[in-house]
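*Asks:* As given, the protein sequences belong to chains C and Y, one line each in that order.
Heads up: the first sequence begins at 1 in the numbering used here, then just goes up one per residue.
Heads up: the second sequence begins at 1001 in the numbering used here, then just goes up one per residue.
Source of the hints: derived by calculation from the structure; they are not laboratory data.
Keep in mind that this is a model prediction, so the values were computed, not measured.
Do not take every clue at face value.
[Claimed, not checked] If the Cβ cut is set under 8 Å, some of the chain Y residues that face chain C in the computed set are:
id	residue
1	1007
2	1014
3	1020
4	1037
5	1038
6	1049
7	1058
8	1132
9	1174
10	1180
11	1188
Note that the Cβ used here is the ideal one computed from N, Cα and C, for glycine as well.
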Amino acid sequence: MVSHAKNAEKFTKDLEKVDWHDATLWGARSKRDLAAKSIPEWESLRTLASQIKENVLANLDEYLLEFEKNALLNGAEVFWAKDGEEHNKIVGDLLVKHNINNLVKSKSILTEECHLNQYLEDLGYDVVDTDLGERIIQFAKQPPSHIVTPAIHVKKEEIGELFHQYIGTEKGATDPQYLTEAARGHLREKFLNAEAAITGVNFAIAENGGFVVCTNEGNADMGANLAPIQIACMGIEKLIPKAEHLGVFLRLLARSATGQSITNYTSHFFTPKKNGKLYIVMVDNGRTEQLGREDFRNSLKCIRCGACMNTCPVYRKSGGYSYGYTIPGPIGSVLAPGRDDHEYASLPFASSLCGSCTNVCPVKIDLHDQLYKWRQQIVKNGNVDQSKKWSMQMATYIFEHPKLFRFMGKTARLFMRLSPRFLIYNSLNKWGKSRELPDSPKQSFRDWYINHKIR
Amino acid sequence: MKIGLFIPCYVDQFYPQVGIATLQLLEKLGLEVNYPLNQTCCGQPMANSGFEYKGENLIKMFEENFQKYQYVIGPSGSCVMHLKEQLSHVKSHLADGVFEICEFLTDILNVKELPSEFPYRVGVHSSCHGLRGLRLATPSELNENPSDKPGTLLKMIKGIQLVDLNRKDECCGFGGTFAVSEEAVSVKMGTDRIRDHELNGAEVITGTDMSCLMHLDGLLKRQKKNIRVMHITEILNGNNEVK
Chain C
1 MVSHAKNAEK
11 FTKDLEKVDW
21 HDATLWGARS
31 KRDLAAKSIP
41 EWESLRTLAS
51 QIKENVLANL
61 DEYLLEFEKN
71 ALLNGAEVFW
81 AKDGEEHNKI
91 VGDLLVKHNI
101 NNLVKSKSIL
111 TEECHLNQYL
121 EDLGYDVVDT
131 DLGERIIQFA
141 KQPPSHIVTP
151 AIHVKKEEIG
161 ELFHQYIGTE
171 KGATDPQYLT
181 EAARGHLREK
191 FLNAEAAITG
201 VNFAIAENGG
211 FVVCTNEGNA
221 DMGANLAPIQ
231 IACMGIEKLI
241 PKAEHLGVFL
251 RLLARSATGQ
261 SITNYTSHFF
271 TPKKNGKLYI
281 VMVDNGRTEQ
291 LGREDFRNSL
301 KCIRCGACMN
311 TCPVYRKSGG
321 YSYGYTIPGP
331 IGSVLAPGRD
341 DHEYASLPFA
351 SSLCGSCTNV
361 CPVKIDLHDQ
371 LYKWRQQIVK
381 NGNVDQSKKW
391 SMQMATYIFE
401 HPKLFRFMGK
411 TARLFMRLSP
421 RFLIYNSLNK
431 WGKSRELPDS
441 PKQSFRDWYI
451 NHKIR
Chain Y
1001 MKIGLFIPCY
1011 VDQFYPQVGI
1021 ATLQLLEKLG
1031 LEVNYPLNQT
1041 CCGQPMANSG
1051 FEYKGENLIK
1061 MFEENFQKYQ
1071 YVIGPSGSCV
1081 MHLKEQLSHV
1091 KSHLADGVFE
1101 ICEFLTDILN
1111 VKELPSEFPY
1121 RVGVHSSCHG
1131 LRGLRLATPS
1141 ELNENPSDKP
1151 GTLLKMIKGI
1161 QLVDLNRKDE
1171 CCGFGGTFAV
1181 SEEAVSVKMG
1191 TDRIRDHELN
1201 GAEVITGTDM
1211 SCLMHLDGLL
1221 KRQKKNIRVM
1231 HITEILNGNN
1241 EVK
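All chains should be modelled from the sequences, with the hints used to inform the complete structure.
*Replies:* If you want it as structure tokens, here you go:
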């Protein structure tokens, strides 16, 4: 069972790193604010995007079939995978079938969700992630800590060390320009030798069977255009009905993610290349189940921009790994319990319910309301400590009995006024670990009111 | 206009001066205000912990306590937001009658001036439920015409200097039981908010929710900082003694 609070406590111990992590992501949030405010119609764009996705979710079965039909007409081959295991097997079998030795992969959170890399490595493949951030964490043997900037938690000194070890840069080098150029040279060779390229999908268009991949580094294009075989992996919620809807989503995606007006590369794929193959793998992996949960189906509108992570003060101060799930932050905390509400029971509580996530979400997912609803669900399903249950039971009983409430209040205040400090500030008092308790007045407001206004 | 005064349980017990300031402020504005004596808690602590169903009786008690009032006013954005939601779930007529004090002053009473004075540098902590839940001001994430109800009221106070913050509406990390269940993150969030106020020269931190201020005050006192917290009603009511 993941304990976000415990993991977060560890992360907060390195204050310098927390502050740096917080400031870096706040920077992304600030750029997002500027970008959002540079478009007068921003809020109506969000509404529109949310409505388009609403329509997609309501008619998902039809759009999926329409997309498949058109993709087949374009010459692609389409696979359906009910879960991560099936997805991995499909991809692995394709690589075996085509005798692939060298493959490159661009960023796909779906493949992280399915743990594709591990599966392929177990089959003996050297999976080369070509997104710079992904390559860094691959060297570090870590999962992504953020869905858009997967290595956001790694400092340049650590990157210098990894690159020295894996691609032979000079020891101690930390200059970003130097390190990036080294990575570029290293990846260029991988691209040129690749026989297959695995990409993700940002948007799949039902009406024409094409799909769009957005990157800032151009690595998806480089891979897909050089290798004869492309395998595109997508969650079934990635659909949009028409090409014209891209005009809504592309304007929202990059602005929300990084504050750019558009990603550097927005690549449209339709057909296999000459003498090549284009495979599309559509994955469910729990999405249909989430679609069936009325309170949580909205979470499937997510376009994976990461804005909710950048704005979330809990995420910024606890780091992506504290969530213990592929997708961290507010959206991850809404999706994870849908997969396993026992394992991830702590995630919906890893929020102060400040609501900032809901306000930045480009498709208007009611994230903080869903976190609140998951809390109710988790308690209902019994995934809650006995001690918490008892304390809530007791508090409710006291509040239901006004006389008892007043007696308890008075007694507690008296105790707090008269007790020596060690009786109040000890290991049982978590509040008091780093905070003082409020002063305890002799009179409650009610006492004062009776004395001054009634007598 | 019959006004019922709702005082959150922890304000009643630990911050009577905030209840008093709220009452006096409303009375100064010529209103007849009553405090029903059997009120306790709105049920929010349980609800945010996943035990919303345990609050059913508390909402019934709230309805009984306040049924004869046209308006119910409380000095807390968070409790008021919770009440509005729960009362509308049970289709109570009170759902539209419950107001946080600042929104009541600006939206219902249309207050244009206040006679108080407060010669200090003040940082406003925008508590999330009031801000994003009740829309007491425009949250910084949204591209909307800016409004700011607490700010509008504070600007009526003579001598007050409102300081600009680097992050004007970031959460302080109180979050109810979150403050204890996620102690480390909560403390870090609060410490960072304080730093922002400190860097910008605030002598007093004010806000619409004493709960956030209790958390910040706990940190300020432990860290021996020379910044004080005061609820917005204390400033609006003219309490200009900074303790």
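*Asks:* Work down the list of hints and note, for each, if the structure agrees.
*Replies:* Hint-by-hint comparison with the structure:
Because the closest C-beta pair between residue 1007 of chain Y and chain C is about 5 Å apart, less than 8 Å, the hint holds. For residue 1014 of chain Y, the interface hint holds, since its Cβ comes within 8 Å of a Cβ in chain C; the closest pair sits about 4 Å apart. Interface restraint check for residue 1020 of chain Y: the shortest CB-CB distance to chain C comes to about 6 Å, inside 8 Å, so the restraint holds. A least Cβ separation of about 6 Å between residue 1037 of chain Y and chain C falls short of the 8 Å threshold, and the interface hint therefore holds.
The criterion of a C-beta within 8 Å of any C-beta in chain C is met by residue 1038 of chain Y, whose closest approach is roughly 5 Å, and the hint holds. With its C-beta approaching chain C no nearer than about 6 Å, residue 1049 of chain Y sits inside the 8 Å limit, and its interface hint holds. Because the beta carbon of residue 1058 of chain Y sits about 6 Å from the nearest beta carbon in chain C, less than 8 Å, this interface hint is met. Hint status for residue 1132 of chain Y relative to chain C: holds, with the closest Cβ pair at about 4 Å, below 8 Å.
Here the hint on residue 1174 of chain Y is kept, as its CB sits about 7 Å from the closest CB of chain C, short of 8 Å. Contact between residue 1180 of chain Y and chain C, as hinted, is supported at the beta carbon level, the nearest pair being about 5 Å apart and thus within 8 Å. At a threshold of 8 Å, the smallest CB-CB gap from residue 1188 of chain Y to chain C is about 5 Å, leaving the interface hint in force.
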